[in-house]
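Given the sequences, and given the hints that come with them, work out the whole structure.
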Amino acid sequence: MRRLHLSCPAGFEQPRLLHIARRHCPSFSPLLSFSTTTRILSHHPAQPQPHLRIHPTTGRMTRTQEPVITSVTNLPTSEAKWITLQKISYLDQTGKERTWEVASRKTRAKSAGVDAVAMGNILLHPSRPASTLLVIQYRPPLDAYTVEWPAGLIDEGETAEQAAVREFKEETGYECEVVSVSPVQAADPGLSSANMKMVMVEVRLGEEEELPEQRLEDGEHIQRVVVPLAELYDRLVDYSQKERTVVAAKLFHFAAGMHFAATQAAKYGL
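Using full-length UniProt numbering, you'd call the opening residue of the sequence shown number 1 and step up by one each time.
Since the hints were derived computationally from the structure, they do not count as laboratory data. Check each hint, because a few of them may be wrong.
Unchecked claim - Quick list of in silico lysine to any residue cross-link-like pairs, SDA-like style, CA-CA up to 20 angstroms:
hint, residue 1, residue 2
1, Lys250, Tyr145
2, Lys242, Asp143
3, Lys110, Gly157
4, Lys110, Ala187
5, Lys250, Arg224
Spelled out as structure tokens, the structure:
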């Protein structure tokens, strides 16, 4: 028997969910209680497992499946669209000649001199604790789902602030206000010349405001999760223990810093 996963937003009416599910899969039988993600068993054996996802505002159902890597081959750098591989020759501190292999992006905006932005974000609600919005998406290099803050490449002619506002709107649906912008940071200095800026943004929510519609590009499948800041570290530790799930370093470092300051402040005079 094949497992058919039916995903819906929290608060989605169960009768409406049942109606939509039966319309798309007449033979299904609901065996488990409803929650933010409802699992339903039905149909015939097949791999990979399919999913049915319900759009939070339109109610339309999209059929998806678990991503599967079908092949891995060596890529000549002349055929690469986004990155290139280079060999650096240099003299070290003792004057000895050495070499280093480095991966570089081909897309760096000359106007900004920076590859990308990541949007640390704070959601402010009138009657709830401050929270942050995380995105979960499949990353082929890891063959896993990563838990991250929203992020994206800077387009030519954009500033880091402009790119952050645009990308945050696309991935989360929210309009945001820039609070601060970091200096240029190395993304992975032992492997790549890629760099980025951390842009902290703020979103002010209404009392009954619903999760807005995303503006995703073709091929983007991004799940949004809102987590209270006070719970962020523990939630990320929980995510790290899930199968096929990895927490992005930038996000975990932020949460670990908050956790360290909160638990070790007295010891280190913070």
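We went through each hint and held it up to the structure:
no. : hint              : in the structure
1   : Lys250 <-> Tyr145 : holds (15 angstroms)
2   : Lys242 <-> Asp143 : holds (14 angstroms)
3   : Lys110 <-> Gly157 : holds (8 angstroms)
4   : Lys110 <-> Ala187 : holds (18 angstroms)
5   : Lys250 <-> Arg224 : holds (17 angstroms)
Taken one by one, the earlier hints all hold for this structure without exception.
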